[in-house]
Amino acid sequence: MPILQNLSNALVLASTYILMAMGLTMVYGVLKILHIAHAAVYTVGAFVGLLAYTWLGNFWLALLLAMVAAGVMGVLIYRGVYFYMLDKPRTVPLIASIGLFVMFTDLLQKDFLMGPYQRALPVAGAGMPRLRTEWFSITPKQMLVLAVTVMLLVIVYLILTRTRIGLGWKAAAMDREMAGAVGVNLNRVVAMNFFLGSALAGAAGVLVGVYNNSVFATMGDLPSYKAFIIIVLGGMGSLPGVIVASILLAVVENFLVASVGYVLPRDAVAFLVLILMLMFRPHGLLGQE
Amino acid sequence: MSGYLMSVAVFVGIWVTLALSLNILTGYAGQVSLGHAAFFGIGAYTSAVLAVRYGQPFGVDFLAAILVTGLAGTVLGLPSLRVRHDFLVLATMGVNFVVVAVFKYVDFFGGAMGLVNIPAPEFFGTTFRGGVPYLLLVWGYVVVVWLVSWYISKTWVGLAFHTIRLDEDAAAAVGVSSARFKIYAFGISAALAGGAGSLYAHFIGSVFPDTFVFVESIAILSMIVFGGVGTLRGPIIGAIILKAAPELLRFVQDYRFTIYGALLVLMMLFQPMGLIGEGSWLWRNLTALFRRPAASQQPQQEVAQ
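Just so you know, the protein sequences line up as chains A and B, in that order. Just so we're aligned: 10 in the numbering used here is position 20 of the first sequence, and the numbers increase by one with no gaps anywhere. Just so we're aligned: 477 in the numbering used here is position 302 of the second sequence, and the numbers increase by one with no gaps anywhere.
Looking at chain A on its own, in the form it has when it is part of the complex (with noise of 0.2 Å):
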């Protein structure tokens, strides 16, 4: 049955999706910064994913190096550039972010770095059985993809429902100044979501590579605007609307792209989707006002 073949076709490429965007969404509620510089966090996570492999041979190791320099990366660029920047206009870190983007990609471009080729991430599926049944078949890969997308979840899931931390998170993404006034310590609270936001990047980054078989140094720019259309879908800053809106957007482009081919790539119909859903639901799907 191909439907349910393009279903579970979509919900891997839904998990990359919510790994990318949960990170922004959780920045976006906590700072109102529109973080396109998470895309090169994205990049750095794949790439350091790579290397550690190439190292290590170890696909978990790798992934938790990627984790973790991409979370580092992530605190790094809170704590050395949006921090000076949290009372002034929009625009501001919406630049220094397009500026922080445009060097990191152009940066990993060089040959002590990543060079400008598409590099392999043999990973063959760390061990993940392979699923068949008569209507679908999930390859090791895709069973990849699905688990850790789930772990993690799960796992953030638990950081945000069950810590201090978390609820801080929480306190400062309904009104950050009233949860400083309280008594919530607002620099740890948004470093920890800068790193775990970012760390989510990597990982994703990580996915990616192996799912494609392929690292590049400008794999983050398709990624830099879809995950934006995912956390307005979603409603700006909430993260279970990044799940519903990440699996829609994904059922959505590759129903078309199966049934009607392509009439417009799959980037202009997700923006379609994004313009017509902000004319009738400005707030996103589980936004709130």
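It should be emphasised that the hints constitute simulated quantities derived from the structure, not laboratory data. Every residue, glycine too, gets a C-beta built ideally from N, C-alpha and C. Please note that the accuracy of each hint is not assured.
What the hints assert, rightly or not - Quick list of in silico lysine to any residue cross-link-like pairs, SDA-like style, CA-CA up to 20 Å: (1) K100(A) - D211(A); (2) K78(A) - G454(B); (3) K22(A) - D342(B); (4) K78(A) - L441(B); (5) K160(A) - L143(A); (6) K160(A) - I149(A); (7) K22(A) - L444(B).
To be verified - Taking beta-carbon pairs under 10 Å as the criterion, some of the chain B residues facing chain A (in silico): (8) Y280; (9) F284; (10) I393; (11) Y435; (12) M443; (13) M448; (14) L450.
Given the structure of chain A, go ahead and fit chain B onto it with the hints provided.
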């Protein structure tokens, strides 16, 4: 002037008009747009289609480009009535992608191959391809766009834009229809960018969808923020520096874009109002320089601020 320098000067002129036109929307009316290249593209394609498919002369193409792009801006500005702030930023970004996709996937617009063989403008039997005349034409348009910007800033419309930028709700409370003036801002800004598109198409002689992508919108926005958003001087300086920078930075060849990105970050860190924006270090010192006699008042002003 060599042909190379001449082309750089023409490009810089075109981008100065783009920056000035976006400044009306973003600097005056406060509507941040990440889709300005779409209007640039609509202008260029209108001109190209009229010239290549219908054999119209430059004058017709140019005016049509301004008109059509102005209309498109008015229509595409409609989302701004429903959404605000960051949602609008993302909606304009979406408009950019959809417009480029239409250029790319509709055969009438030449698809990915673009439209080629756009004739150079011709006046009284002389062609204007390249050279000093075209340079004058472009910079003449720069002056026109600057005058329009200046005039708007002096009128009631400019005042209305200013109120919308500061506080839409308060503007509505004192009887300024934010819907009407937002649409004006989108229309005027787009129309002026359309003219720039037409000049671009007739200079290059061909148009391709990839010229008008999202990245270009980012570059234009960076120019006005870099120079000083909302002022009449900032966007000009920003466009000149950032458009010429990749050319000027040729000696560092491989690191051009690293430096470009770092420049934006450093600028936002240390001079977030732009290089010569209101209250920036450079502008304070420049104005102080010309106000020598009143220099003794300087410390008092600082305290007052």
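- [ ] Would you check whether M448(B) satisfies its interface hint, that is, whether its CB is within less than 10 Å of any CB in chain A?
- [x] holds (9 Å)
TODO: Answer holds if the nearest beta-carbon of chain A is closer than 10 Å to that of I393(B); otherwise answer violated.
DONE: holds (5 Å)
Task: Given hint L450(B) near chain A, where the shortest CB pair must fall under 10 Å - done: violated (13 Å)
Open item on the list: With the threshold set at 20 Å, check whether the alpha-carbon distance from K160(A) to I149(A) stays at or below it.
Closed with: Holds, at about 11 Å.
- [ ] For the pair supplied as a hint, K78(A) and L441(B), confirm whether the alpha-carbon distance does not exceed 20 Å.
- [x] Distance ~15 Å between K78(A) and L441(B) Cα, so the pair holds.
TODO: Measure nothing beyond the straight line between the CA atoms of K22(A) and L444(B); if it is 20 Å or shorter, mark the hint as holding.
DONE: holds (17 Å)
TODO: Please work out if K100(A) and D211(A) have their alpha carbons no farther apart than 20 Å.
DONE: holds (17 Å)
Open item on the list: Against the 20 Å threshold, does the CA-CA distance of K78(A) and G454(B) hold or violate the hint?
Closed with: holds (14 Å)
TODO: Closer than 10 Å between Cβ atoms is the bar; does M443(B) clear it against chain A? Give me holds or violated.
DONE: Status holds, d = 4 Å.
Open item on the list: Does the closest beta carbon of chain A sit nearer than 10 Å to the beta carbon of F284(B)?
Closed with: violated (13 Å)
Task: Y435(B) as chain A interface residue, shortest Cβ-Cβ below 10 Å - done: Where the cut-off is 10 Å and the nearest Cβ of chain A is about 6 Å from Y435(B), the hint holds.
TODO: Below or equal to 20 Å on CA atoms is what counts here, so check K22(A) against D342(B).
DONE: With a Cα-Cα distance of about 18 Å, the restraint between K22(A) and D342(B) holds, given a limit of 20 Å.
When each numbered hint is compared with the structure, violations occur for hints 9, 14.
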